[in-house]
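Undergrad: Note that the protein sequences, when read in sequence, are chains A and B. The first sequence begins at 1 in full-length UniProt numbering and counts up by one. The second sequence begins at 1 in full-length UniProt numbering and counts up by one.
Warning: the hint list may mix true and false statements.
[Stated by the list, open to error] Rough simulated footprint, nothing fancy, chain A against chain B, three-plus residues with beta-carbon under 8 Å:
| # | region |
| --- | --- |
| 1 | 308-314 |
| 2 | 330-340 |
[As the list claims (entries may be wrong)] Pulled from the structure, derived: some chain B residues nowhere near chain A, Cβ distances all over 12 Å:
| # | residue |
| --- | --- |
| 3 | 183 |
| 4 | 325 |
| 5 | 645 |
Hints listed in this document are in silico derivations from the structure and should not be mistaken for laboratory results. C-beta: ideal position from N, C-alpha, C; glycine also.
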Amino acid sequence: MSPSFRPAFAFTQEQIVVAITLALLVLFSVTLDSFLTAGNILALIQNVSILGILGVAMALAIIGRGIDLSIVANMAVSVAWVLQLSNNGVPIEIAIVMGLGLALAIGLVNGFLVAYVEIPAIFATLAMGTVAYGFVRSLLLEDNLIYLKGAADTWFKWIGSGQVVGIPNSVLLFGLVAVVAHVVLRITVPGRFIYAMGDNPTAARSTGIPIRPLIVLQYVTAAAIAFVAGVIAATSVDSVETRIVRSNLVYDVILVVVIGGVGLSGGKGSIRNVIVGTLLIGVLVNGMTIMNVAYTLQNIIKSLILLTAIVIDSLMNPRDEQTSQQGDI
Amino acid sequence: MRETLTRLRYRLVPDHVLGEILAKNWIDNAIPFVILLLTLSIFGALIPGLVTLGGLGGMSAQFGELLLVVLAMTIVMLGGGIDLSVGSVFALSNFVTLALFNMLGWPIPLAILAALACGAAVGLVNGFLVGYLRLRAFLTTLVTLIIVRAVVDMLILAYAVKVARPSTRSAIWDFISFDRVFGMPVSLIFALLLAFAGHIFLTRLRPGWYILAVGGSRRSAYNAGLPVRRTVAMTYVVSGMLAAAAGVFYASRLNAAGSDTGVGMEVLALTAAVVGGNSLGGGRGSVFKALLGTVIVLIVSNSLIRLSLPTGGSSLVLGLVLLAAVAIDVKWLKNRAKVLSRVYVSPTYMKLGRSPDTAEHSGSPYAVNDRLKNVELIGLGEIDGPEDPILDAQGNLYSGTRQGDIVRFLAPDYTRKEVFVHTGGHPLGMAFDRDGNLVTCVAGMGVYRIGPDRKAVKLSDQTNRSWFSVIDDSRMRLADDLDIAPDGRIFFSEATIRFDMSEWMVDALEARGNGRIICFDPRNGSTRTVISNLRFPNGICMARDGQSFFFAETWGCSISRYWFDGPKRGKREVVIPDLPGYPDNINRASDGGYWLALVGMRTPAFDMALRKPGFRKRMVERIAPDEWLFPNMNYGCVVKFDESGRITDCLWDRSGANHPMITSMREDRGWLYLGGVSNNRIGRYRIPGADPEWTAAASYRGEKP
Chain A
1 MSPSFRPAFA FTQEQIVVAI TLALLVLFSV TLDSFLTAGN ILALIQNVSI LGILGVAMAL
61 AIIGRGIDLS IVANMAVSVA WVLQLSNNGV PIEIAIVMGL GLALAIGLVN GFLVAYVEIP
121 AIFATLAMGT VAYGFVRSLL LEDNLIYLKG AADTWFKWIG SGQVVGIPNS VLLFGLVAVV
181 AHVVLRITVP GRFIYAMGDN PTAARSTGIP IRPLIVLQYV TAAAIAFVAG VIAATSVDSV
241 ETRIVRSNLV YDVILVVVIG GVGLSGGKGS IRNVIVGTLL IGVLVNGMTI MNVAYTLQNI
301 IKSLILLTAI VIDSLMNPRD EQTSQQGDI
Chain B
1 MRETLTRLRY RLVPDHVLGE ILAKNWIDNA IPFVILLLTL SIFGALIPGL VTLGGLGGMS
61 AQFGELLLVV LAMTIVMLGG GIDLSVGSVF ALSNFVTLAL FNMLGWPIPL AILAALACGA
121 AVGLVNGFLV GYLRLRAFLT TLVTLIIVRA VVDMLILAYA VKVARPSTRS AIWDFISFDR
181 VFGMPVSLIF ALLLAFAGHI FLTRLRPGWY ILAVGGSRRS AYNAGLPVRR TVAMTYVVSG
241 MLAAAAGVFY ASRLNAAGSD TGVGMEVLAL TAAVVGGNSL GGGRGSVFKA LLGTVIVLIV
301 SNSLIRLSLP TGGSSLVLGL VLLAAVAIDV KWLKNRAKVL SRVYVSPTYM KLGRSPDTAE
361 HSGSPYAVND RLKNVELIGL GEIDGPEDPI LDAQGNLYSG TRQGDIVRFL APDYTRKEVF
421 VHTGGHPLGM AFDRDGNLVT CVAGMGVYRI GPDRKAVKLS DQTNRSWFSV IDDSRMRLAD
481 DLDIAPDGRI FFSEATIRFD MSEWMVDALE ARGNGRIICF DPRNGSTRTV ISNLRFPNGI
541 CMARDGQSFF FAETWGCSIS RYWFDGPKRG KREVVIPDLP GYPDNINRAS DGGYWLALVG
601 MRTPAFDMAL RKPGFRKRMV ERIAPDEWLF PNMNYGCVVK FDESGRITDC LWDRSGANHP
661 MITSMREDRG WLYLGGVSNN RIGRYRIPGA DPEWTAAASY RGEKP
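Please model the entire structure based on the sequences and the hints provided.
TA: Here is the structure:
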């Protein structure tokens, strides 16, 4: 539906989500004693900033009509390797470069598999997540849980745990990543090309856009952003738990992206949608945690919300028998 | 010397077999089969005792369960979707069975039914969301995976201990749990039986075809009026039930519900389905592929456990296997047709004799003239592809067309035209039998008889399959020309068994004996191949002795005679060894001779190319079909020969304006009617001095020469 034909009283998905977020915020503030405290709000934003940064990476892939299910595995193993290296005496700067290199390499393989081998993104990245975890865990890491010991007293620790003028670094970095990603997507040539590619890959290809290198760039960038998220996560809790790979985190990331209004069929949405989605989930999860809702029940609630979001997405961007693509699952 | 080697090499090595094997449908199973052999040999070497009955038998209990789950995944994939919730449904069904039987004391059949119903219910939710609401299968079933898993986790948290304690005993339950039939666990027997039923369902029943059609192309299935949404939804329901059945067997085997039951099963099942060769995105796959994939994955995963790799090692290997399988699948699907088109055409060596001179005033019997320049034209622009015109007793003119009709031009002026009958394929050679029925070879369909009442009857569309042919040569691909023996037997030529009508000329590049002559006997309805390995056998005409016929081999540039009866029965003689062009149909002439159409002229370049198979192979592989060197097909020439093979007359259309590429001619009442398979007209030429009473029918009855 193009904006000009939308009735005046209708809301966009983004506006609805903002409204629900505000309503929840008010509801929780009134009903939950400990919700509206400075400490809790800070914790809330800090918790979701990781999710938000991963959401930016995922949004990048989805806008270009892809998906990256390997970002959680990628962030976990690459940062775990950084900690492992620094624990073994490698200077933290060099360890970071090596870890970033590992993350970018995984992204590069993702991009290669999707762009050149032409494996559907969903499978390529799913399998790559498993391969990356298996490879790093069995050959490079000594344990599932890697602690931040070697670089505990350096500036590295400050990345995730420090703050500037009272605002936690993780929040600032989320803002920074979001702003940079937004500017890149909106203003630069590759950013515009990613939108074009997500909107209609065949047309984009016909107009001369180098689709394949662009896809590779997309996954490499997503990997780099995931690495940033991983560094923040590791330095804020002083460790990396690689078994996070087996958790539902990556689906939470998809949830954040889709619920904010980024269309799964690509070419639609922006970073702003990710921020909106992140806030809703942050408020929701925080409230549920304070209410002592069991983890499994939280999963069910989040899943139902995600399901609702994709039903709405599918109703707003309908696919029918005439427009659906072969092999588009 | 070198040429002799070339000749021997192309005679001894059957190059064409590779392309024919690649064209087979079962070749899709070759890749998973090779992977299976590879896994067996690799892990068999790594783990002593793996490839023994004991080693493999230890997996058989899991095998049945995994097979059911893989079948669940496969049926959804065939319909163009994916079902990630199978692992959770497996766990749910396991819990439900145990809870109802152990905790609540339900009778076991009821408990099993309830578990299956739970699976079906989850499948119905998936099916409704994906089939009717058109959600994306991957994400939707991912969400149901998480929800169902969370529900199971909550239930297990509350009831895990109670569930595992049996309160009653049941003979059925014990049978399912412990008994072995033919040395196999009940679950495996059940899964194999179900796999067989699934195979029948998918390949022989209408709903199964619908699933494959929807998976193959949702849009086409929708436009063809298939119930796309219902079909898709049903695949998920079936999938849910299959996964639930696997869960029941798991419950009977382990009698415990843990939070890790069925975790990661969806990835295992997906890997198995894809490794077996079932396509992501649907439409291509089978139960057998699922079976192959299950065996492979089971061996790999069990071996990885036994090898006790470091943590993450088995993830690495399984992920790599999945990636490799999908990559092979994607690339194979994309490039199979390309590879096939490169490999399929396989030229052989052929050396033709010297081409007779055709120059004007050369004194050659083939000397060029222009006697066909001013022929009368019939049906100009109204018909397309009159390969072999024929006339009935009343003088009406019949001809096949490319559109699949036989049209009739009415005597005496042939200006009025009507569709005599619609056959559906391009009718080529024709002949009238004694009762006035029109018998015709229809390209791609076979031999048909059309009565005066315009009723078409299929006479024959398959012959005996030859033992060593890779291609199924029992079906007729390109029936070309026919003639009827005095006893009613129909002898007809099939030009090639390797190419269809649309690409018949490509057969010229091979110059192999791909064609054959087949006999249909109306007395007992049998069809037998009489002569095979002919180089594009084309025209057939009964000789006047009633015991033999002449036939033309187009790429062989020769006319032969074959005796099917009498003292010389079974003998074959070359009558004209080297023609200057490519012969097509042969028909009787009023002076006791036989008319022969030359569809094109030989050229020194192509004659030389025939002696260089390597050159033709490179040509086919490297350049576009439009640029290929084909035999010249642009001349119009009709010659007449007598029984000894001597050329007695020759008619040319020198400019090729009216009748390029004459494929047939018929003499009737002093006229010669000319047809061409790609012409848009029939020509009529007054034969000087011909008997104005002579017809082919009279000649067959022996009333005229």
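Undergrad: Of the hints given before, which are not true for this structure?
TA: Result: hint 4 breaks, nothing else.
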